[in-house]
Amino acid sequence: MNQTIGDFTEEQVARIIRDHIDQEFLFRSRDAGLTEEDSLISRGVIDSMGLFRLVNFLERRFAICVSPPDIVMDNFRSLQAIRVFTLARLRARACAEQC
Amino acid sequence: MLYPLLEDSARAFAHLPAVIDGLRVLTFGELDAAAGRLARTLRAHGIGRGHRVGLHLDKSLEAVVGLLGILRAGAAYVPLDGSAPAWRLEFIARDCELSGVLTTPAWMDTLGSVSSLRCAILVGATPQEWRAEPGGPPTLSWDAALAGPDTSEPSPVEGSPEDLAYILYTSGSTGQPKGVMLSHRAARAFVDWAHAEADIRPGDRVSSHAPLHFDLSILDLFAAVKGGAAIVLVPPALSVFPRELADFIEAQHISVWYSVPSVLTQLVARGELGRHGFRALRTVLFAGEVFPLKYLRRFVQTLPHVRCLNLYGPTETNVCTFQPVGPRELAGTESLPIGQACCGDEVFLLGDDGAEARPGDEGELCVAGPTVMSGYWGMPERTRAVLGPLLGRARAYRTGDRARRDEAGVLHFLGRRDDLVKVRGHRVELSAVEEVLLRHPDVEESAAVTLPDELTGNELRAFVVLRAASAISPQELRMHCAEYLPRYMVPARIDPCRALPKTTTGKKDRVRLQERARELG
Numbered sequence: 001m002n003q004t005i006g007d008f009t010e011e012q013v014a015r016i017i018r019d020h021i022d023q024e025f026l027f028r029s030r031d032a033g034l035t036e037e038d039s040l041i042s043r044g045v046i047d048s049m050g051l052f053r054l055v056n057f058l059e060r061r062f063a064i065c066v067s068p069p070d071i072v073m074d075n076f077r078s079l080q081a082i083r084v085f086t087l088a089r090l091r092a093r094a095c096a097e098q099c
Numbered sequence: 001m002l003y004p005l006l007e008d009s010a011r012a013f014a015h016l017p018a019v020i021d022g023l024r025v026l027t028f029g030e031l032d033a034a035a036g037r038l039a040r041t042l043r044a045h046g047i048g049r050g051h052r053v054g055l056h057l058d059k060s061l062e063a064v065v066g067l068l069g070i071l072r073a074g075a076a077y078v079p080l081d082g083s084a085p086a087w088r089l090e091f092i093a094r095d096c097e098l099s100g101v102l103t104t105p106a107w108m109d110t111l112g113s114v115s116s117l118r119c120a121i122l123v124g125a126t127p128q129e130w131r132a133e134p135g136g137p138p139t140l141s142w143d144a145a146l147a148g149p150d151t152s153e154p155s156p157v158e159g160s161p162e163d164l165a166y167i168l169y170t171s172g173s174t175g176q177p178k179g180v181m182l183s184h185r186a187a188r189a190f191v192d193w194a195h196a197e198a199d200i201r202p203g204d205r206v207s208s209h210a211p212l213h214f215d216l217s218i219l220d221l222f223a224a225v226k227g228g229a230a231i232v233l234v235p236p237a238l239s240v241f242p243r244e245l246a247d248f249i250e251a252q253h254i255s256v257w258y259s260v261p262s263v264l265t266q267l268v269a270r271g272e273l274g275r276h277g278f279r280a281l282r283t284v285l286f287a288g289e290v291f292p293l294k295y296l297r298r299f300v301q302t303l304p305h306v307r308c309l310n311l312y313g314p315t316e317t318n319v320c321t322f323q324p325v326g327p328r329e330l331a332g333t334e335s336l337p338i339g340q341a342c343c344g345d346e347v348f349l350l351g352d353d354g355a356e357a358r359p360g361d362e363g364e365l366c367v368a369g370p371t372v373m374s375g376y377w378g379m380p381e382r383t384r385a386v387l388g389p390l391l392g393r394a395r396a397y398r399t400g401d402r403a404r405r406d407e408a409g410v411l412h413f414l415g416r417r418d419d420l421v422k423v424r425g426h427r428v429e430l431s432a433v434e435e436v437l438l439r440h441p442d443v444e445e446s447a448a449v450t451l452p453d454e455l456t457g458n459e460l461r462a463f464v465v466l467r468a469a470s471a472i473s474p475q476e477l478r479m480h481c482a483e484y485l486p487r488y489m490v491p492a493r494i495d496p497c498r499a500l501p502k503t504t505t506g507k508k509d510r511v512r513l514q515e516r517a518r519e520l521g
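Those protein sequence lines, which keep their order, are chains A and B. Residues in the first sequence are numbered consecutively from 1, following this note's numbering. Residues in the second sequence are numbered consecutively from 1, following this note's numbering.
A few of these clues could be false.
Stated by the list, open to error - Just a few of them, taken from the derived set where beta-carbon distance is under 7 Å, the chain B residues facing chain A: (1) Ser-83; (2) Ala-237; (3) Ser-239; (4) Val-240; (5) Arg-243; (6) Glu-244; (7) Asp-247; (8) Phe-248; (9) Arg-270; (10) His-276; (11) Thr-456.
In short, the hints are calculated from the structure, not lab data. Fair warning: this is a prediction, and the values are worked out from it, not measured in the lab. Ideal Cβ placement from N, Cα and C applies to all residues, glycine included.
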């Protein structure tokens with residue numbers, strides 16, 4: 001996995017998201033060891049306010065557009081889901097720019 | 001008493017759904033029977049009238065059975081927030097001397113050493129799986145606690161209306177939680193009023209959105225039970241996703257919804273409500289914080305067939321005033337009133353001069369009447385400071401809220417007398433957050449502020465002055481806060497600064513701190 005999409009490699013996207021979650025959302029000792037698949041929602045890592053802070057961050061950092069229909073559990077339930085969603089958006093943008 | 005509400009509905013509506021938890025459903029007959037069996041188990045362990053039992057479960061079918069079973073046994077329930085730090089849970093369990101607790105094996109570690117416990121009932125454990133710690137309380141599985149025959153003639157519920165029904169712990173000013181004691185009399189006064197005002201009918205579906213340690217849950221649970229309506233447990237994760245929450249309300253045919261306003265503002269702004277008709281939805285109630293008018297107007301316009309009610313009341317009084325909200329009430333107004341007294345309460349305003357405030361004048365909102373709490377658990381002095389004879393009333397509660405009554409007799413909320421703020425309906429005393437920050441050896445000064453946002457509600461922020469050469473990160477400070485405070489009291493962001501801005505009188509300048517927080521983003 002290290003394909004470049006737009007300005008980012010897949011690895012960079014994964015790291016940027018992980019670092020952001022670590023810095024902004026993880027502050028309880030029991031959050032240590034959060035895996036890629038762990039539910040961020042049911043573990044209480046991200047609440048309703050946190051989600052919109054995260055959405056703002058993704059929009060700014062990756063210059064992607066996140067609209068209300070995108071803000072659903074499937075796209076934000078875990079680190080992996082967020083990464084997959086962000087990469088899909090970056091690909092769609094890169095594709096639109098090329099076409 | 002509260003429990004007879006369930007007995008009555010079990011007689012009248014035995015086969016109607018009483019609790020809906022995803023695909024799991026209990027009828028009123030089944031709920032009454034299950035609560036009765038749990039009560040017998042509690043009593044067999046010597047737990048009944050005059051005892052308190054902790055309810056340390058995520059909201060679920062079991063939690064609802066558990067809560068009602070505790071009441072059926074004649075004891076008071078004490079809901080414990082599963083996301084709270086262990087320190088706080090243990091403090092509460094010891095403070096109110098829990099005789100029993102309903103919890104899970106994973107959470108039992110926190111409470112196993114509480115010496116007052118006579119038994120612990122563990123949901124999600126089999127007796128074979130679970131081994132009691134030496135010296136810990138006897139434990140039994142949920143299945144074992146609910147086993148046993150349905151006796152044909154259950155003993156009547158013991159107790160008097162003045163007995164405690166539940167204790168809700170709220171943020172205290174020093175970071176130490178305080179237990180608000182509510183009697184059956186207080187709860188019933190509110191529930192009976194809410195049942196009628198929200199127009200709850202047999203077969204209705206009432207949302208249960210608030211967690212059980214939050215006083216909004218009283219309406220969901222008991223007004224639904226009284227009305228023969230089903231309680232529909234809303235998965236907490238849905239609160240984070242307004243679009244899916246809207247789908248849930250539609251798909252579950254919710255007829256009565258009750259939550260804090262910030263959930264509704266999210267629904268209006270991001271839930272794309274136009275996709276559904278919400279034909280089943282008849283009443284929406286909200287309480288706990290101010291509903292920003294911009295979004296409330298949109299909500300009322302989007303759902304014109306729904307009756308909206310703004311409820312007001314601190315935990316200490318359940319709900320004591322209400323205001324129906326429609327296009328007429330919202331036209332040309334700049335703030336939403338809290339309305340008129342309800343539930344048989346009397347609401348009056350204490351002026352700064354110690355006399356009752358005249359119409360148009362500002363004063364501290366005081367409440368006398370049936371919904372007022374019995375006091376703070378184990379804190380007679382704290383209780384006396386806010387509850388007692390006042391202006392000719394034998395027993396009144398001083399809320400600390402400032403309000404004004406207009407010429408038409410309608411009450412308007414103006415703000416607080418102290419530093420208590422609301423974060424998504426939760427009470428937060430800023431001084432408690434500051435105190436916890438100061439406990440960290442690297443922190444010399446601390447200040448907490450809220451940053452209001454119409455859409456998301458108040459955001460809690462903090463500033464700290466660190467000791468020279470301290471290398472601690474804001475992240476580590478938030479971890480420190482999370483050791484002592486529930487999640488909603490942990491600042492969303494902590495920024496270090498050289499010095500805290502002060503007012504000319506030497507106090508922390510919260511206005512300038514708010515400006516700085518806003519600049520920082």
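Here is how each hint holds up against the structure:
Among the interface hints, the one on Ser-83(B) holds; its C-beta lies about 5 Å from the nearest C-beta in chain A, closer than the 7 Å criterion. Nearest Cβ of chain A to the Cβ of Ala-237(B): about 4 Å, under the 7 Å cut. The hint holds. Proximity of Ser-239(B) to chain A holds as hinted, the smallest CB-CB distance being about 5 Å (cut-off 7 Å). Against a cut-off of 7 Å between C-beta atoms, the interface hint on Val-240(B) holds, since the closest Cβ of chain A lies about 5 Å away.
Restraint check, Arg-243(B) versus chain A: the minimum CB separation of about 6 Å is within 7 Å; hint holds. Using the Cβ-Cβ criterion of 7 Å, the hint placing Glu-244(B) at the interface with chain A is satisfied: the shortest such distance is roughly 6 Å. Against a cut-off of 7 Å between C-beta atoms, the interface hint on Asp-247(B) is violated, since the closest Cβ of chain A lies about 9 Å away. At a threshold of 7 Å, the smallest CB-CB gap from Phe-248(B) to chain A is about 11 Å, leaving the interface hint violated.
Using the Cβ-Cβ criterion of 7 Å, the hint placing Arg-270(B) at the interface with chain A is satisfied: the shortest such distance is roughly 5 Å. This hint is violated: His-276(B) has a C-beta 14 Å from the nearest C-beta of chain A, more than the 7 Å allowed. At its closest, the beta carbon of Thr-456(B) sits 5 Å from a beta carbon of chain A; the interface hint therefore holds under the 7 Å criterion.
When held up to the earlier numbered hints, the structure conflicts with 7, 8, 10 and fits the remainder.
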